[in-house]
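Student: Taken in order, these protein sequences are the chains called A and B. Sequence positions in the first sequence follow our numbering and run 7 to 431. Sequence positions in the second sequence follow our numbering and run 7 to 431.
Rather than coming from a laboratory, the hints here were simulated on the basis of the structure. A couple of the hints might just be wrong.
Remember, identical chains collapse to one label, so a pair may be satisfied in a single copy or spanning two.
Listed next, the in silico DSBU-like pairs over lysine-lysine satisfying Cα-Cα at most 30 Å (straight line) [to be verified]: (1) K213 to K26; (2) K308 to K21; (3) K373 to K427; (4) K137 to K21; (5) K213 to K32; (6) K427 to K366; (7) K318 to K431; (8) K55 to K308.
Protein chains: 2
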Amino acid sequence: MQYTEMSKQELSQVKAELQKKYDDLKALGLNLNMARGKPSVDQLDLSMKLLDMLNSSSDMMSSTGMDCRNYGMADGLPEMRDIFSQMMGVEPENVIVGGNSSLNMMFDFISCCMTHGFPGCEPWAKQGHIKFLCPSPGYDRHFAVTEYFGMELITIPMLSTGPDMDMVEELVSQDASIKGIWCVPKYSNPLGITYSDETVRRFAALKPAAKDFRIMWDNAYCVHDLTDTPDQLLNLYEECKKTGNIDMPVIFASTSKISFPGAGVAAMAAGPSNLIVFREHLSFQTIGPDKLNQLRHVMFFKNIDGVREHMKLHRNLIAPKFETVLRYLRTELTGKGVASWTEPNGGYFISVDVMEGCAKRVVSLCKEAGVVLTGAGATYPYGKDPKDSNIRVAPTYPPVSELEQAMEIFCVCVQLAAAEKLLAK
Amino acid sequence: MQYTEMSKQELSQVKAELQKKYDDLKALGLNLNMARGKPSVDQLDLSMKLLDMLNSSSDMMSSTGMDCRNYGMADGLPEMRDIFSQMMGVEPENVIVGGNSSLNMMFDFISCCMTHGFPGCEPWAKQGHIKFLCPSPGYDRHFAVTEYFGMELITIPMLSTGPDMDMVEELVSQDASIKGIWCVPKYSNPLGITYSDETVRRFAALKPAAKDFRIMWDNAYCVHDLTDTPDQLLNLYEECKKTGNIDMPVIFASTSKISFPGAGVAAMAAGPSNLIVFREHLSFQTIGPDKLNQLRHVMFFKNIDGVREHMKLHRNLIAPKFETVLRYLRTELTGKGVASWTEPNGGYFISVDVMEGCAKRVVSLCKEAGVVLTGAGATYPYGKDPKDSNIRVAPTYPPVSELEQAMEIFCVCVQLAAAEKLLAK
Chain A
7 MQYTEMSKQE LSQVKAELQK KYDDLKALGL NLNMARGKPS VDQLDLSMKL LDMLNSSSDM
67 MSSTGMDCRN YGMADGLPEM RDIFSQMMGV EPENVIVGGN SSLNMMFDFI SCCMTHGFPG
127 CEPWAKQGHI KFLCPSPGYD RHFAVTEYFG MELITIPMLS TGPDMDMVEE LVSQDASIKG
187 IWCVPKYSNP LGITYSDETV RRFAALKPAA KDFRIMWDNA YCVHDLTDTP DQLLNLYEEC
247 KKTGNIDMPV IFASTSKISF PGAGVAAMAA GPSNLIVFRE HLSFQTIGPD KLNQLRHVMF
307 FKNIDGVREH MKLHRNLIAP KFETVLRYLR TELTGKGVAS WTEPNGGYFI SVDVMEGCAK
367 RVVSLCKEAG VVLTGAGATY PYGKDPKDSN IRVAPTYPPV SELEQAMEIF CVCVQLAAAE
427 KLLAK
Chain B
7 MQYTEMSKQE LSQVKAELQK KYDDLKALGL NLNMARGKPS VDQLDLSMKL LDMLNSSSDM
67 MSSTGMDCRN YGMADGLPEM RDIFSQMMGV EPENVIVGGN SSLNMMFDFI SCCMTHGFPG
127 CEPWAKQGHI KFLCPSPGYD RHFAVTEYFG MELITIPMLS TGPDMDMVEE LVSQDASIKG
187 IWCVPKYSNP LGITYSDETV RRFAALKPAA KDFRIMWDNA YCVHDLTDTP DQLLNLYEEC
247 KKTGNIDMPV IFASTSKISF PGAGVAAMAA GPSNLIVFRE HLSFQTIGPD KLNQLRHVMF
307 FKNIDGVREH MKLHRNLIAP KFETVLRYLR TELTGKGVAS WTEPNGGYFI SVDVMEGCAK
367 RVVSLCKEAG VVLTGAGATY PYGKDPKDSN IRVAPTYPPV SELEQAMEIF CVCVQLAAAE
427 KLLAK
């Protein structure tokens with residue numbers, strides 16, 4: 007029965023039962039964490055052989071005859087560029103392989119836009135008040151980068167097909183102070199949805215008022231499928247070739263959730279004009295990335311097929327955790343009108359919308375009972391969810407047994423917060 | 007006999023002999039490189055056991071109980087911070103260990119000054135025309151970073167005690183648009199000299215007109231001694247504590263020329279205010295450095311004594327190369343008035359001042375004869391040596407046999423260019 011259809015008396019009774027359950031669970035004194043999208047220890051163990059790839063008797067030469075131990079090769083190892091080229095759907099010569107963090111490359115790209123910008127345009131820092139579009143719920147660290155550089159963040163609602171493209175088109179075509187948009191196009195963080203073909207085509211066909219408008223296309227979960235029917239993402243880069251917008255997208259990926267989060271390899275890909283600007287930046291910033299770690303990755307994965315095979319091993323570990331979360335949501339919350347959620351085919355998150363005005367309360371109740379969740383509001387610009395409704399659940403890190411305990415508590419808290427809310431009206 | 011004391015006829019004869027030698031050497035069709043400060047293959051081989059430190063059965067935990075494979079630990083591994091703390095002479099808690107490139111950390115620090123700056127001051131990018139001091143001859147990549155960000159570069163002459171401190175003090179105390187100075191205080195690039203105690207004390211005692219004046223103290227060669235009588239550098243950080251200028255120095259070091267240039271570990275150290283500003287920057291830029299590579303380094307070197315022992319192995323390989331270069335300079339050029347040079351106790355370079363107006367010609371003659379040198383002028387801001395005199399010789403990369411050939415050619419070219427110059431008068 008929907009909570010909203012209950013009488014005050016019925017609701018009070020439900021609430022009392024929930025409170026009892028909650029108190030009992032809280033008394034267990036648990037310490038569980040579903041806050042951040044971290045791979046589990048089991049997942050990290052999948053890549054341990056990576057550490058055997060290089061030893062003191064290894065060949066240190068890349069295919070180009072360069073000693074990978076020494077300085078140089080700002081674009082990264084050709085073999086690693088090939089793998090990312092296939093992951094990202096961009097020609098190898100348009101791929102730059104960097105250090106261990108794609109967030110670092112995104113930050114540096116935005117920083118480069120701020121201080122230097124693009125031919126024929128002032129640097130962003132000299133253009134006065136500028137804005138960035140933030141499809142929400144979205145990834146807090148993306149939004150934070152543009153906030154750090156003083157931009158105004160504009161919330162774009164997320165639909166089941168991706169960002170609300172009517173709104174994106176209207177804003178972007180009219181306002182030259184809008185400089186870009188953050189996108190996680192496949193298995194988006196936190197919704198887990200993949201942008202529809204139409205959405206991708208509409209992105210490629212944008213006619214921005216700002217000549218230096220950029221799409222930050224963070225394809226973080228491009229090979230992170232969890233089902234036999236994975237989502238298919240249309241290739242934005244190819245679509246932009248057709249529309250003549252090849253300098254609009256800047257594409258990112260990494261092996262952080264393929265090999266090791268702390269010691270993986272990151273890459274970016276873009277059209278010629280962006281690369282000229284960013285390669286100049288790089289030429290002053292560094293004498294080259296860690297090519298030995300790239301060499302390790304090349305030897306371990308060999309090619310894109312090796313990456314895909316490896317991702318099946320991750321799937322074996324992660325899919326049961328997603329299923330656990332979804333099982334609890336379905337069993338405990340269906341038909342009560344207290345929450346809706348996504349059922350993604352991949353990625354790292356399940357997004358739960360609890361009753362409006364209840365997200366903070368749910369996160370707080372969970373915390374008191376020993377379950378840490380991503381802060382309520384974190385998935386919106388400035389950490390402010392206008393409906394106080396969205397909660398990002400990250401199932402990958404805890405073992406299934408802990409996840410079951412955490413989800414039991416979570417579902418009780420979602421219901422308890424809803425009952426409290428309705429009774430307070 | 008000094009060339010300047012020769013008659014035209016004598017000089018013409020000398021020149022003809024040199025030209026003959028040059029043509030014979032050129033006919034050998036050599037391909038030699040003394041351009042950049044790259045470790046040789048032999049030196050890289052010294053650190054190969056570093057690659058055995060981690061394998062698939064290794065313990066992945068740091069002393070703090072953190073899994074080094076996963077996200078986190080923006081300041082780097084405590085054990086690695088300890089080693090750098092001792093290399094740099096700054097408390098471990100004031101050390102941040104980063105990725106593989108100290109140049110990258112310097113660039114990011116300057117970039118952070120440009121876009122954000124310091125409490126109570128506007129970001130540098132909003133302060134209009136700003137300037138940076140460049141002790142010259144110096145390191146081209148340093149100067150290039152500040153040039154990239156649009157600053158005016160001011161040449162400060164290098165004396166045998168370090169930068170001309172009379173000039174530094176006068177400029178810095180009067181001009182608030184001067185935001186900092188680049189320093190390689192020990193075995194400076196390219197002179198190989200170490201700043202005197204008085205120079206360091208005068209740096210610590212500066213009273214800059216700009217509240218946000220910073221000393222970029224790149225201690226790149228802090229443990230890179232080549233003789234039994236190594237230079238001693240006074241600790242600027244400790245001196246700045248005494249003068250109350252603790253927020254002035256920003257100190258950098260790396261293992262690029264200790265372990266691997268392409269896969270080493272870099273670090274910076276600074277006082278509290280700089281760290282607050284830069285840690286905020288880092289918190290948006292990345293979720294942490296490559297801690298596995300740091301762990302490898304900790305296991306390989308163990309502590310500062312391990313680093314010092316390792317540097318003796320480098321010395322065994324490099325010292326004979328420096329001696330080779332110096333032997334040729336002494337034997338071929340002494341008493342002719344065509345060149346002067348430094349005889350460093352460490353570092354990576356020997357600096358040669360050829361006859362005024364001859365450096366470009368020498369580099370060009372060498373190139374035609376198959377010897378690549380650092381471009382003439384590269385050691386000055388904007389690549390312009392006002393006297394066209396300084397040439398940086400980098401002895402480390404070629405084997406001794408090649409170095410001998412290269413130096414034979416170099417010495418002929420230095421003399422030939424001088425003879426040409428004097429005859430053209």
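Student: Output the indices of the hints that this structure fails to meet, ascending.
Tutor: The structure conflicts with hints 1, 2, 4, 5 and 7, although it agrees with all the remaining ones.
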